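Residue numbers (UniProt numbering), protein chains in the order written: chain A, 1 to 206; chain B, 1 to 206.
Just so you know, these hints were derived from the structure itself, not from any lab. Any given hint might turn out to be false.
No copy is singled out in the list; a pair is fine if it fits within one copy or between any two copies.
Only pairs whose alpha carbons sit at most 25 Å apart, straight line, appear in this in silico PhoX-like list of lysine-lysine [claimed, not checked]:
(1) K35 <-> K131
(2) K23 <-> K131
(3) K133 <-> K43
(4) K43 <-> K204
(5) K204 <-> K102
(6) K56 <-> K131
(7) K56 <-> K6
(8) K56 <-> K35
(9) K56 <-> K23
(10) K133 <-> K102
Keep in mind that this is a model prediction, so the values were computed, not measured.
2 protein chains.
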Amino acid sequence: MEFSSKLLENAVYEMSQLPGIGKRTALRLVLHLLKRPTEQTQKLTLALDHLRNDIKFCTNCHNISDVEVCEICASPRRDRSLVCVVEDIRDVMAIENTSQYKGLYHVLGGKISPMEGVGPQDLTIGPLVEKVKKGEIKELIFALSSTMEGDTTNFYIYKQLEGLDVNTSTIARGISVGDELEYADEVTLGRSIVNRIPFENSLKAN
Amino acid sequence: MEFSSKLLENAVYEMSQLPGIGKRTALRLVLHLLKRPTEQTQKLTLALDHLRNDIKFCTNCHNISDVEVCEICASPRRDRSLVCVVEDIRDVMAIENTSQYKGLYHVLGGKISPMEGVGPQDLTIGPLVEKVKKGEIKELIFALSSTMEGDTTNFYIYKQLEGLDVNTSTIARGISVGDELEYADEVTLGRSIVNRIPFENSLKAN
Numbered sequence: 001m002e003f004s005s006k007l008l009e010n011a012v013y014e015m016s017q018l019p020g021i022g023k024r025t026a027l028r029l030v031l032h033l034l035k036r037p038t039e040q041t042q043k044l045t046l047a048l049d050h051l052r053n054d055i056k057f058c059t060n061c062h063n064i065s066d067v068e069v070c071e072i073c074a075s076p077r078r079d080r081s082l083v084c085v086v087e088d089i090r091d092v093m094a095i096e097n098t099s100q101y102k103g104l105y106h107v108l109g110g111k112i113s114p115m116e117g118v119g120p121q122d123l124t125i126g127p128l129v130e131k132v133k134k135g136e137i138k139e140l141i142f143a144l145s146s147t148m149e150g151d152t153t154n155f156y157i158y159k160q161l162e163g164l165d166v167n168t169s170t171i172a173r174g175i176s177v178g179d180e181l182e183y184a185d186e187v188t189l190g191r192s193i194v195n196r197i198p199f200e201n202s203l204k205a206n
Numbered sequence: 001m002e003f004s005s006k007l008l009e010n011a012v013y014e015m016s017q018l019p020g021i022g023k024r025t026a027l028r029l030v031l032h033l034l035k036r037p038t039e040q041t042q043k044l045t046l047a048l049d050h051l052r053n054d055i056k057f058c059t060n061c062h063n064i065s066d067v068e069v070c071e072i073c074a075s076p077r078r079d080r081s082l083v084c085v086v087e088d089i090r091d092v093m094a095i096e097n098t099s100q101y102k103g104l105y106h107v108l109g110g111k112i113s114p115m116e117g118v119g120p121q122d123l124t125i126g127p128l129v130e131k132v133k134k135g136e137i138k139e140l141i142f143a144l145s146s147t148m149e150g151d152t153t154n155f156y157i158y159k160q161l162e163g164l165d166v167n168t169s170t171i172a173r174g175i176s177v178g179d180e181l182e183y184a185d186e187v188t189l190g191r192s193i194v195n196r197i198p199f200e201n202s203l204k205a206n
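Isolated chain A (complex conformation) (with noise of 0.2 Å):
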């Protein structure tokens, strides 16, 4: 694309470095910016230098927040014996959704990656393991997303935890409710074979 401006060529590249827009795409919104008033593009712009200079993570689960410890880690209504380790804040955002979780959460920033050069030392395991040292927690789950990389994970996190006093789980892989099983893929319908349930306890889980 030649463009007949370097400021707006510029912003169109930066625009497009983000995951997901293209040249074309960034070309569409910086378009629409400069349509409307001056003061859209600066609230934006602030937004971004805000969140991205004066960001602050949870000290215990280092979870996005604005103050020293989160919402969830400060409730007293919270159960702090039980440990749900996940990915980053929008698994937080999910689980919180679903109003069956009363533990408090962990957030490694992350997957093992050594494509994308993300090794145990770009996480928040270790402080993960010295949490668990303290002897407060009686349960880990994992959930993770179940993938070669969250697979990884799992099993490194689940070998520095070895000789401590922890039980560890991880989150069940079956047929989604309100699934057909002539669509579901073969691992996870073996899976949710494999790993049934006393038909009791699906009874209570509703």
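Please arrange chain B on chain A, whose structure you already have, making use of the hints.
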């Protein structure tokens, strides 16, 4: 969506004000910026602020430009008697890519659209009529998109030019090169038959 941080919520909100970007996508983009070095966010926000505050428009064709008179308008190789009327810079870029056009442009900055509150006074129609009155322009080519708004805008400009010594034309609508007839919509196919051209002309076009 409930956020654990006001800063995050604010950034996601402003990002989701862009067209085609919902809350979920906005969250993904913002989290991406958080994982990257601070400089990337800085570069993006600087580029956007610069563009919005320092943007200039060519005084002749009203296209986005870093200088008083844009490259196209300043070029001695361009035919000054031919002016193509387009909606925005994207159309200029698209036509320039064809390398078939050697005249100048006039960028309207939008289309007349009562639904979106865009009237003739919001576009650069006045300056266009003034330009035509100077008598240098022999032909105006309307190249707006063929929608209700585009047709309205074309007709409005056409009416404003009444009594002035200028020819007006509109770009040809027809079956795309390489398209199969059976898949073309009826309106386009109908127009391509009504506006058929001598076969010899089609040989010249290549």
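What label fits K56 with K131 when the C-alpha limit is 25 Å: within, between, both, or neither? within (20 Å within a copy, 57 Å between copies)
Intra/inter-copy verdict for K133 and K43 if alpha-carbon distance must be at most 25 Å: neither (45 Å within a copy, 42 Å between copies)
Give the relationship of K56 and K23 under a CA distance limit of 25 Å: within one copy only, between copies only, both, or neither. between (32 Å within a copy, 21 Å between copies)
How would you label the pair K133, K102 (within, between, both, or neither) given a Cα cut-off of 25 Å? within (22 Å within a copy, 75 Å between copies)
For the identical chains here, do K204 and K102 meet the 25 Å Cα criterion within one copy, between copies, both, or neither? This pair counts as within: shortest intra-copy Cα distance 17 Å, inter-copy 75 Å.
Are the CA atoms of K56 and K6 at most 25 Å apart within a copy, between copies, both, or neither? between (35 Å within a copy, 11 Å between copies)
Within, between, both or neither, where K23 and K131 count as close if Cα-Cα is 25 Å or less: neither (45 Å within a copy, 34 Å between copies)
Is it within a copy, between copies, both, or neither that the alpha carbon of K43 lies no farther than 25 Å from that of K204? neither (48 Å within a copy, 53 Å between copies)
From the Cα coordinates, with 25 Å as the cut-off, is the pair K56 and K35 best called within, between, both, or neither? So K56 and K35 pass the 25 Å test across copies only (13 Å; inside, 34 Å).
At most 25 Å between alpha carbons: which applies to K35 and K131, within, between, both or neither? Classified as between: cross-chain Cα gap 24 Å, same-chain 51 Å, threshold 25 Å.
Consistency note: the structure conflicts with the earlier hints numbered 2, 3, 4.
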